[in-house]
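Below are the chains, spelled out letter by letter.
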Amino acid sequence: EPEVTQTPSHQVTQMGQEVILRCVPISNHLYFYWYRQILGQKVEFLVSFYNNEISEKSEIFDDQFSVERPDGSNFTLKIRSTKLEDSAMYFCASRGILNTGELFFGEGSRLTVL
Amino acid sequence: DQQVKQNSPSLSVQEGRISILNCDYTNSMFDYFLWYKKYPAEGPTFLISISSIKDKNEDGRFTVFLNKSAKHLSLHIVPSQPGDSAVYFCAAVLETSGSRLTFGEGTQLTVNP
Chain A
1 EPEVTQTPSH QVTQMGQEVI LRCVPISNHL YFYWYRQILG QKVEFLVSFY NNEISEKSEI
61 FDDQFSVERP DGSNFTLKIR STKLEDSAMY FCASRGILNT GELFFGEGSR LTVL
Chain B
1 DQQVKQNSPS LSVQEGRISI LNCDYTNSMF DYFLWYKKYP AEGPTFLISI SSIKDKNEDG
61 RFTVFLNKSA KHLSLHIVPS QPGDSAVYFC AAVLETSGSR LTFGEGTQLT VNP
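Keeping their order, the protein sequence lines are chains A and B.
Here the first sequence is numbered in my numbering, starting from 1 and rising by one per residue.
Here the second sequence is numbered in my numbering, starting from 1 and rising by one per residue.
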């Protein structure tokens, strides 16, 4: 069964460092997302991406964040200068054409900022 | 952001009995409501959804009920199985938002053998 894959599964970084989280969405999907879950809190929407551009972003997704689809398969989230409060589990998700809210999530990348 | 709320952080039931997970929302414009299940160290997995124009949707052991006047939905699992033990997230989406899901806090369901 096709699945969304994410790397790395866990990254530890120093405050102020740049981090890139990688995702390979399901191959025939067209819509891509990043969500995050800070420990003990809700899963929160960060950004959606379609047709090589951001279609929607939340207030969390400030100038320190960027997304890119550098080739036909990868979808990346970059945090330019990490802060302690960026420590969270980051989930990539994708979906096909139908917009019923059903997203396919990856297993997540745990980011720990020290 | 309190648009979707799950007031019960945990629920424990016996195997074979019914599990009822509840969710409340405030935005009457939501088009779809969904339940996701999450095991530790995994991403959320879609379980079942319901359109805002319906009041019930059933898929095997899982049934979701929507009460629009009360802005309340619930997930019934019957019979419950130990493998159902997971965190269950309620989520809602506006069709115009491009599948931006608004999640509840989650309820940890434990099904005891």
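Derived by calculation from the structure, the hints in this document are not laboratory data.
Do not rely on the hints blindly, as some may be mistaken.
To be verified - DEER-style ranges, computed between Cβ atoms:
1) T5/A x S8/B: 15 to 23 Å
2) R17/B x G72/A: 47 to 55 Å
3) P2/A x H72/B: 46 to 54 Å
4) P113/B x M15/A: 39 to 47 Å
5) S27/A x E42/B: 18 to 26 Å
6) T26/B x I38/A: 16 to 24 Å
7) V78/B x N28/A: 43 to 51 Å
8) D71/A x I53/B: 45 to 53 Å
9) G72/A x Y39/B: 27 to 35 Å
10) A41/B x S55/A: 28 to 36 Å
11) H10/A x P79/B: 46 to 54 Å
12) P82/B x N51/A: 20 to 28 Å
All C-beta atoms in this analysis are idealised placements derived from N, C-alpha and C, irrespective of residue type, glycine included.
Going down the list of hints, with the structure as the test:
1. Range check, T5/A to S8/B: about 33 Å between beta-carbon atoms, so the 15 to 23 Å window is missed.
2. Remark: the range hint 47 to 55 Å for R17/B to G72/A is upheld by a beta-carbon distance near 48 Å.
3. For P2/A paired with H72/B, a C-beta distance near 34 Å fails the hint of 46 to 54 Å.
4. Checked against the hint of 39 to 47 Å, the C-beta distance between P113/B and M15/A comes to roughly 45 Å, which is consistent with it.
5. Taking 18 to 26 Å as the suggested C-beta distance range, the pair S27/A and E42/B conforms, at roughly 21 Å.
6. Checked against the given bound of 16 to 24 Å, the beta carbons of T26/B and I38/A, roughly 22 Å apart, stay inside it.
7. Separation of V78/B from N28/A is about 35 Å and departs from the stated range, judged on CB atoms against 43 to 51 Å.
8. The hinted window of 45 to 53 Å between D71/A and I53/B is violated, with their beta carbons roughly 40 Å apart.
9. Between G72/A and Y39/B the C-beta distance comes to about 30 Å, which sits within the given range of 27 to 35 Å.
10. Restraint check, A41/B to S55/A: a C-beta distance of roughly 30 Å satisfies the suggested window 28 to 36 Å.
11. Taking the beta carbon of each, H10/A and P79/B are about 37 Å apart, not inside 46 to 54 Å as hinted.
12. Between P82/B and N51/A the beta carbons are some 44 Å apart, a value that contradicts the proposed interval 20 to 28 Å.
Comparing the model with each earlier hint shows violations of hints 1, 3, 7, 8, 11 and 12; every other hint is respected.
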